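Listed here are the chains, written in short residue letters.
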Amino acid sequence: MSWSEMQPLLSQGTIDTLYMVLWATVVSVLGGLPLGVLLVLTDKGGLLRNAVVNKVVGAIVNIGRSLPFIILLIALIPFTTLVVGTFIGPTAMIVPLAIGAIPFFARLVETAIREVDHGLVEAVQSMGGSIPTIIRKVLLPQALPSLVSAVTTTVIVLVGYSAMAGAVGGEGLGSKAITYGYQRFDTQFMLVTVVVLIAIVTVVQLVGDLIVRLLARRGRTAS
Amino acid sequence: MITTKGLTKVYESRGRQVTALDGVDLHVREGEVFGVIGQSGAGKSSLIRCVNLLERPTAGTVTVDGVDLTALAGRGRRANKDLRAARTRIGMVFQHFNLLSSRTVQDNIELPLEILGVSGAERSRRALELLDLVGLGDKARAYPAQLSGGQKQRVGIARALAGNPKVLLSDEATSALDPETTRSILQLLRDLNQQLGLTVLLITHEMEVVKTICDSAALMRKGRIVESGGVTELLATPGSELARELFPVGGTASGPDRTVIDVTFHGDSATQPVISQLSRTYNVDISILGAAMDTVAGRQIGRMRIELPGRYEENVVPVGFLREQGLQVDVLDPAELAAEAAAPTGLVTSAATTAEVVGGTADGDTPPEATTAADTDAAPGPDSAPAADTETEAAPEETAGKDPAASADRSPALVKENAK
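So the sequences go chain by chain: A and B.
Residues 214 to 436 in the working numbering are what the first sequence spells out, letter by letter.
Residues 123 to 542 in the working numbering are what the second sequence spells out, letter by letter.
If you are wondering where the hints come from, they were derived from the structure by calculation, not from laboratory data.
Nothing here was measured: the structure is a model prediction, and the numbers come from that model.
For every residue, glycine included, the Cβ atom is placed at its ideal position computed from N, Cα and C.
Check before you lean on any hint, since a few could be wrong.
Some chain B residues near chain A, calculated using beta-carbon distances under 8 Å [as the list claims (entries may be wrong)]: (1) Val189; (2) Leu233; (3) Pro234.
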């Protein structure tokens with residue numbers, strides 16, 4: 214395949230991949246963030262101690278995390294069809310991608326929130342702060358650098374998942390690599406796709422790290 | 123202002139019950155600085171955290187400014203609206219400052235005002251005003267990580283005052299600070315107490331804090347208040363443990379047929395040369411076993427342990443003379459003294475702060491004039507049990523670097539071994 218033949222395939226694939234990953238990230242953050250916070254709050258010694266809720270949410274998250282993504286993709290086909298109307302194409306792929314990433318992100322959020330010094334929570338309690346206030350003004354802002362790291366990691370995992378989604382009718386770089394690179398034995402095309410994927414992951418990681426550094430610089434002396 | 127009645131807190135961990143507070147009755151009057159002192163594990167921390175119900179007491183009541191917080195809080199574990207509203211009227215400062223590193227100094231101080239729903243312009247006006255009050259007017263835009271420990275605690279104090287509380291709770295506020303900074307923070311608390319009429323309840327393990335700013339103090343041990351009252355009254359109470367801890371003096375009789383007495387000076391008597399008068403008038407040789415002097419609330423106060431030759435029966439007149447001079451005199455029972463030496467009571471050990479200290483001596487013939495004599499280096503005698511006390515208490519300037527508690531806990535047997 215010549216470069217002029219590859220080029221439109223690659224750019225379409227990249228656009229589809231970014232589209233899927235972007236929306237799946239948005240949904241994962243919206244779903245995973247509250248779950249992660251809930252896991253911390255309902256835990257022993259948390260502000261909303263509740264063993265039942267904690268165990269149930271924890272179990273759901275663990276199940277979600279332990280299913281291989283390719284199985285999840287197939288298992289979710291009926292649900293995806295129900296939500297999007299089809300199970301093929303980039304938009305349909307957002308559903309399994311997000312559902313696969315929510316438990317993952319929730320665990321990362323849990324770890325990030327747990328790192329917040331309990332003394333700060335107590336300080337705000339002593340000022341008369343309510344639990345929503347504590348979440349909004351202490352837990353989330355204090356954990357922000359770790360949360361940004363968590364988003365970065367999640368995006369990268371989603372890039373990987375999205376390539377897998379190519380196997381079951383998703384679009385994007387993964388599906389292009391399978392169709393042209395694997396099934397037509399075009400090693401050159403395969404390599405180029407891999408390079409593009411590496412480039413995407415690298416850029417995401419660099420941007421994420423940069424934001425974390427900027428956030429962490431708050432409160433440090435300029436040096 | 124703050125009253126607790128029968129305050130009890132029992133923690134349960136893995137089926138074992140630990141009683142942190144065991145029926146604590148505390149009364150803090152409006153406008154005073156009240157210090158609760160005790161060793162770690164005595165329950166001080168639980169006590170102060172029960173006052174604003176960060177910790178729910180197992181039994182008993184807490185009343186702050188006429189409001190029964192325990193009744194307000196109800197049964198639920200979560201803080202309801204009424205309790206939260208009550209908390210906004212109680213400021214709290216912490217040992218580790220607990221400032222939000224993600225916010226600037228000004229935004230940290232604005233936080234309690236945000237909770238109170240104060241408008242933006244008003245918040246910023248109030249925050250800047252408070253920063254000026256604590257002497258950090260130029261640090262509004264700094265982040266906590268850019269401040270020193272003392273500055274952080276000033277921010278902590280400003281934040282605690284943002285909601286105009288009447289009561290300030292201080293949870294070991296100076297324990298993470300060096301002595302110099304501790305003094306400046308204590309001075310600030312004192313100023314705020316006087317300027318704003320703020321009632322301050324503080325807990326500490328440092329006697330120095332009590333000495334410097336407290337009007338009243340309570341001593342806690344094993345979840346109970348062992349002693350409490352005004353600091354100056356406590357000092358005048360015979361046998362007061364707090365007084366003994368505020369002014370630790372050590373030393374035992376150098377032999378049989380000796381009378382050991384503790385003399386407490388305060389007010390005018392502290393400036394009179396009573397010891398040399400005693401020596402001249404009755405022609406007795408007095409040796410000083412240990413002494414501590416300091417200024418508390420602007421008055422010079424001190425304690426001295428002295429030894430007179432002869433049994434108590436022979437020294438009734440000199441002791442009477444000391445009492446006549448307005449000194450408080452406690453004659454120590456030799457048996458009691460020996461027991462004290464064997465098991466030092468050091469429940470709290472004050473750091474090196476006593477203004478003037480005189481070393482103990484093993485021989486009883488030191489002339490009384492030699493109050494500041496160089497007897498500090500007297501070698502421990504063959505029965506060196508009292509050396510444990512002399513070492514820690516007679517020369518605190520020198521032991522400042524060491525862990526004072528550790529040396530106070532040293533058993534006489536161990537000391538004897540070291541001396542060999």
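So, going through the hints one by one against the coordinates:
no.	hint	in the structure
1	Val189	violated (13 Å)
2	Leu233	holds (7 Å)
3	Pro234	holds (4 Å)
The structure shown violates just one earlier hint, number 1.
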